[in-house]
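J.: As a plain string of letters, each chain reads:
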Amino acid sequence: MGEIIFLGILFLACSYLFSLTFSFQTSVLDKSGGAALFPQIVIIFLLIFLALRIILILRTKEKKPFVFLELFQGMRLFFFTALVLYIIAIKPVGYVISTIIYLLIVINVFYYSTRGNWGNPKSILIRNTCIFAFVFLMNTFFASMLKVLLPQGFLA
Amino acid sequence: MDLLQVFQSVLNPFCLFLILLGVVAGNLFGAIPGLNTPIAVALALPFTMAMDPVPSVCLIMGIYMGGVSGGLISAILLRIPGTAASVATTFDGYPMTMKGKGTEALTLGAFASFFGGIFSSFMLLLLAPPLSQLAIGFGPWEYFGSTLLALSMVSVLAKGNQVKGYISMGIGLLAKCVGMSPIDGIATRFTFGNYQLENGFNLIAIVIGVFAFPEIVNNAAKLKTVISLSEVKKKFFYMLPKADIKRHMPNFLRSSVIGTVIGILPGLGGGPAGMMAYSAAQKFSKTPEEFGQGCDEGVAASESANNATTGGALIPMLALGVPGDTTTAIIIGAFVMQGIPVGPQLSINMPLLFRTIIFATFVANIFMFIYQASTLRFMAKMIQVPRMYLMPIISVFCVTGIIAVNNNIFDAYCAIFFIVLGYILDRNDYPIAPFILGNILGGLIEENLRRSIVYYGTFSSCVSRFSVGTLFFFMAILIPTVSACLSSGRIRALLRLKPLK
Numbered sequence: 000m001g002e003i004i005f006l007g008i009l010f011l012a013c014s015y016l017f018s019l020t021f022s023f024q025t026s027v028l029d030k031s032g033g034a035a036l037f038p039q040i041v042i043i044f045l046l047i048f049l050a051l052r053i054i055l056i057l058r059t060k061e062k063k064p065f066v067f068l069e070l071f072q073g074m075r076l077f078f079f080t081a082l083v084l085y086i087i088a089i090k091p092v093g094y095v096i097s098t099i100i101y102l103l104i105v106i107n108v109f110y111y112s113t114r115g116n117w118g119n120p121k122s123i124l125i126r127n128t129c130i131f132a133f134v135f136l137m138n139t140f141f142a143s144m145l146k147v148l149l150p151q152g153f154l155a
Numbered sequence: 000m001d002l003l004q005v006f007q008s009v010l011n012p013f014c015l016f017l018i019l020l021g022v023v024a025g026n027l028f029g030a031i032p033g034l035n036t037p038i039a040v041a042l043a044l045p046f047t048m049a050m051d052p053v054p055s056v057c058l059i060m061g062i063y064m065g066g067v068s069g070g071l072i073s074a075i076l077l078r079i080p081g082t083a084a085s086v087a088t089t090f091d092g093y094p095m096t097m098k099g100k101g102t103e104a105l106t107l108g109a110f111a112s113f114f115g116g117i118f119s120s121f122m123l124l125l126l127a128p129p130l131s132q133l134a135i136g137f138g139p140w141e142y143f144g145s146t147l148l149a150l151s152m153v154s155v156l157a158k159g160n161q162v163k164g165y166i167s168m169g170i171g172l173l174a175k176c177v178g179m180s181p182i183d184g185i186a187t188r189f190t191f192g193n194y195q196l197e198n199g200f201n202l203i204a205i206v207i208g209v210f211a212f213p214e215i216v217n218n219a220a221k222l223k224t225v226i227s228l229s230e231v232k233k234k235f236f237y238m239l240p241k242a243d244i245k246r247h248m249p250n251f252l253r254s255s256v257i258g259t260v261i262g263i264l265p266g267l268g269g270g271p272a273g274m275m276a277y278s279a280a281q282k283f284s285k286t287p288e289e290f291g292q293g294c295d296e297g298v299a300a301s302e303s304a305n306n307a308t309t310g311g312a313l314i315p316m317l318a319l320g321v322p323g324d325t326t327t328a329i330i331i332g333a334f335v336m337q338g339i340p341v342g343p344q345l346s347i348n349m350p351l352l353f354r355t356i357i358f359a360t361f362v363a364n365i366f367m368f369i370y371q372a373s374t375l376r377f378m379a380k381m382i383q384v385p386r387m388y389l390m391p392i393i394s395v396f397c398v399t400g401i402i403a404v405n406n407n408i409f410d411a412y413c414a415i416f417f418i419v420l421g422y423i424l425d426r427n428d429y430p431i432a433p434f435i436l437g438n439i440l441g442g443l444i445e446e447n448l449r450r451s452i453v454y455y456g457t458f459s460s461c462v463s464r465f466s467v468g469t470l471f472f473f474m475a476i477l478i479p480t481v482s483a484c485l486s487s488g489r490i491r492a493l494l495r496l497k498p499l500k
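Just so you know, the sequences run in chain order W and C. Numbering that gives the first Met the number 0 puts the first residue of the first sequence at 0, with every later residue one more than the last. Numbering that gives the first Met the number 0 puts the first residue of the second sequence at 0, with every later residue one more than the last.
If we strip away everything but chain W, and leave its shape as in the complex, we get (with noise of 0.2 Å):
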């Protein structure tokens, strides 16, 4: 069932952008068929294979349970979470200090899901010093040696 929403969903978008290339601009010159040829070729075919797949589902009554919640539940939902929180922290609080906070929830998080405690005092602050490092040298070989421009945030 949850397989069959999910196909049904891109049914749906797929159907949605091929009534969008019905209004993409085309060149009097061009004689290749224009811009709306090959995406509406490619959603034709997804579409068909969506179809075809969804029938084949439900001919064979597939009972294979579809995975999709459990990316939302315990740990998974915890890091997938901390992860795009990360990515839009990067911008508006910058690289070093969003990297620094990520890493110190889920490394410490981590650690107290896996050993039962937070650990003893000098674990703690090794642990912790040790990210605090790893940050520095990460933007240090993307900015200095790299010369990449990584957000700065508010430093700015």
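Simulated from the structure, these hints should not be mistaken for laboratory data. Incorrect hints may appear among the rest.
[Stated by the list, open to error] With a straight-line cut-off of 30 Å between C-alpha atoms, the simulated DSSO-like cross-links for lysine-lysine are:
1. Lys63(W) <-> Lys221(C)
2. Lys223(C) <-> Lys63(W)
3. Lys221(C) <-> Lys62(W)
4. Lys221(C) <-> Lys121(W)
5. Lys223(C) <-> Lys121(W)
6. Lys98(C) <-> Lys282(C)
Starting from the known structure of chain W, fit chain C onto it as the hints suggest.
T.: Frame of chain W; chain C shown alone:
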């Protein structure tokens, strides 16, 4: 003189360092379950953009050679294949470890990998130039046909359900349609008014989002999995005895041929190569009943074959511009970013660079063997780095790499979408390789199709031409059709073929 220039361009400290670095990084990614060579190459792409073509080629070849071979460590010691290419290695490698022969299995695997890699590099040297000459007659219609055939074969031969493979491919092709249209550059397709999508989705964001992140996120639920390590004897350099080399030579040669041939065919890669070589070794063995219970011939066959696919996959990549597997598809992306024209023009217009790439693969294979043989016992211990540290750090590398490509945070936002998509596809047995290849080849397919129509007038004029392109076009349609028919139970019964399992 040319040969001297090739040696000069690769055999300098910086390039040798990069090859070694690539081998080490690739080996590490191959050894760690959940990571693989395409991810390692994708992560290296932002770094290569800051380098000249030759050093970036050295780094990428090092990662490629090291990554394919790295899977043998966890496959032999932990029964967890580090890469799909090492699945067959687990069949006999782990039983050997359980019998106390873990060191011997690792030593044999390392040498077999080296042999397979060197063999296929020789084949690359011999076959790529004649293929390049043949391909010089390729026009847009021939390119369209060959890329369509490559895509078609990937989807047919990808693991799992074929319909799922085509859906995956279709999604990849559709993702490539986002942005400005090729040829005319007028229409901005599916951008929904967002100017940042006018150049389409960033390939790195797609590859890392679809490949790396879903596995990283999935591993968050397996933090408590304890990996126990078997005993590895302490030595400085683990070399296979001469008697064993002689005994395994027929197996090495046969498996390397199988691996090279399969590597040339787009879409297959090291996994099927290892399996087929393993089956062949069992058929030719004097003791086939020992396979699966710790027979060293199984390890030798699997590792020779999966490393031999590297040179094989590079042959169509360099000669025709068609990727032999997912990793070479990403490597094409890296070469394109460097302004290296992959395809027949490479060997004709830039013969020095062409030979440099091949020489870099030789050197990478040698470095890979030296590195593995001297660090077997240390590599085994690195796998034990707890996932609670490993996964967050790798995720930071991934995000940083995505942003670094275009200095654009929007690429990282797009990656979030591809993480979810990649997770759904991967966890529900939709093959990812057709998706990636569809995204990479989609632009080439559309551009060459429209060029062909412009040049010949109509599509029917293109199809009615007597050319390789037309042959490839019909093969691209026939092969999946025949494959689908043969998969059908009714047709198999009609042809009196054995039913599929």
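J.: Looking at the structure, which of the earlier hints fail to hold?
T.: As far as the earlier hints go, not one is violated by this structure.
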